[in-house]
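Asker: Each chain, letter by letter, is given below.
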Amino acid sequence: MEFMEIIKGRRSVRRFKDEKIPREHLLKILEAGIWAPSGSNIQPWEFILVTQEPTIEKIKLISPGLFGNPAALIICCINKKRAEKGGRLGENTALMDVSMAAQNMMLMAYSLGIGSCPIVSFNKTALKELLNIPEDVEPVLIISLGYPEFWPKPPKRRPLEEVVHVEEYGKPLEG
Amino acid sequence: MKNTESLLKDEHFKLLSFLITSARGCVNEPVLYGPLRLVDAAARLIDIMKKEGKVTPEIEELQKLIEEKKDLVMYDEEGFINFLDELSKRLGEIIKKVD
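As you go down the protein sequences, you meet chains A and B in turn.
Okay, so the first sequence: first residue is 0 according to numbering that gives the first Met the number 0, each after it adds one.
Okay, so the second sequence: first residue is 0 according to numbering that gives the first Met the number 0, each after it adds one.
Hints are computed from structural coordinates only; laboratory data are not their basis.
Don't take each hint at face value.
As the list claims (entries may be wrong) - Computed cross-link-like contacts, BS3-like style, restricted to lysine-lysine with a CA-CA straight-line distance of at most 27 Å:
1) A:K57 <-> A:K123
2) A:K152 <-> B:K68
3) B:K63 <-> A:K16
4) B:K49 <-> A:K7
5) B:K50 <-> A:K155
6) A:K16 <-> A:K27
7) B:K13 <-> A:K16
8) B:K8 <-> A:K57
9) A:K16 <-> A:K57
10) B:K95 <-> A:K16
11) A:K127 <-> A:K80
12) A:K155 <-> B:K63
13) A:K123 <-> B:K8
14) A:K155 <-> B:K68
15) B:K49 <-> A:K123
16) B:K63 <-> B:K13
17) A:K123 <-> B:K13
18) A:K152 <-> A:K7
19) B:K96 <-> A:K59
20) B:K53 <-> A:K59
21) A:K152 <-> B:K63
22) B:K96 <-> B:K49
23) A:K84 <-> B:K53
24) B:K49 <-> A:K57
25) A:K7 <-> B:K68
26) A:K19 <-> B:K13
27) B:K96 <-> A:K57
28) B:K63 <-> A:K79
29) A:K155 <-> A:K170
30) B:K96 <-> B:K53
31) B:K50 <-> A:K127
32) A:K7 <-> B:K8
33) B:K68 <-> B:K96
34) A:K127 <-> B:K8
35) B:K63 <-> A:K59
36) B:K96 <-> A:K19
37) A:K16 <-> B:K49
38) A:K127 <-> A:K19
39) B:K96 <-> A:K16
40) B:K49 <-> A:K59
Note that the structure is a prediction, hence the values are computed from the model and not measured.
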């Protein structure tokens, strides 16, 4: 699959088939995550892989933005002690690092025919309690994974001409 | 008193969890996520009503409309608001019919 095809093909999937994801594919997805760029090479991330149905059901109870019946969840967290090494920028950089890791994982998932959805609408306090996440580790994103019932149509993108500024802000991309 | 195991499968408890966590989420989320959570809760409530034999075809249509249109919030704000109007209109029609 062409790389641009993977980037453009990935969609946020919210309806999944009742089908397990092989462990080796889950590990491949996680491996893609740890190869993301990281500011000062701090690698502030921690990932919690959840595949047990009862636990997924409990997480669904406290996650209004989690739709469908995913086969697995990856809870992307920031290790705040590690992030502190990044100084005053540490918190922001950590969030960017984890975001890039999440994108790597979602693209890898798509390349394996697995749908994903990034979710920020979940209750952090309840999730920390539920999964015994320590105080200095902050869950920031849930990625749901599963085989899609269908691939949703892509929403419109703001065109390059609108979002790209050439050489200085306000000078549009032409031709 | 129910035990924890059965509580997790209880549809009312699921709705209760959804409402509480949505309330907290709405503090920080985009404004239109409030209406989204409410109509999502409405669809979940209709599921419960179905199991209790309280759903008319018209109410079932409301749920179908919610499932079809709630995602508009992600990419078509105006369309999402129109959908809420449509939903309200249909609800009004249902209530009007009641003796």
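Asker: Now tell me, hint by hint, if it's right for this structure.
Answerer: Hint check results:
no.	hint	result
1	A:K57 <-> A:K123	13 Å, holds
2	A:K152 <-> B:K68	14 Å, holds
3	B:K63 <-> A:K16	20 Å, holds
4	B:K49 <-> A:K7	39 Å, violated
5	B:K50 <-> A:K155	39 Å, violated
6	A:K16 <-> A:K27	20 Å, holds
7	B:K13 <-> A:K16	22 Å, holds
8	B:K8 <-> A:K57	10 Å, holds
9	A:K16 <-> A:K57	19 Å, holds
10	B:K95 <-> A:K16	40 Å, violated
11	A:K127 <-> A:K80	16 Å, holds
12	A:K155 <-> B:K63	25 Å, holds
13	A:K123 <-> B:K8	22 Å, holds
14	A:K155 <-> B:K68	17 Å, holds
15	B:K49 <-> A:K123	32 Å, violated
16	B:K63 <-> B:K13	20 Å, holds
17	A:K123 <-> B:K13	17 Å, holds
18	A:K152 <-> A:K7	11 Å, holds
19	B:K96 <-> A:K59	37 Å, violated
20	B:K53 <-> A:K59	26 Å, holds
21	A:K152 <-> B:K63	20 Å, holds
22	B:K96 <-> B:K49	20 Å, holds
23	A:K84 <-> B:K53	58 Å, violated
24	B:K49 <-> A:K57	23 Å, holds
25	A:K7 <-> B:K68	24 Å, holds
26	A:K19 <-> B:K13	24 Å, holds
27	B:K96 <-> A:K57	40 Å, violated
28	B:K63 <-> A:K79	43 Å, violated
29	A:K155 <-> A:K170	23 Å, holds
30	B:K96 <-> B:K53	16 Å, holds
31	B:K50 <-> A:K127	33 Å, violated
32	A:K7 <-> B:K8	38 Å, violated
33	B:K68 <-> B:K96	25 Å, holds
34	A:K127 <-> B:K8	21 Å, holds
35	B:K63 <-> A:K59	21 Å, holds
36	B:K96 <-> A:K19	47 Å, violated
37	A:K16 <-> B:K49	24 Å, holds
38	A:K127 <-> A:K19	25 Å, holds
39	B:K96 <-> A:K16	39 Å, violated
40	B:K49 <-> A:K59	21 Å, holds
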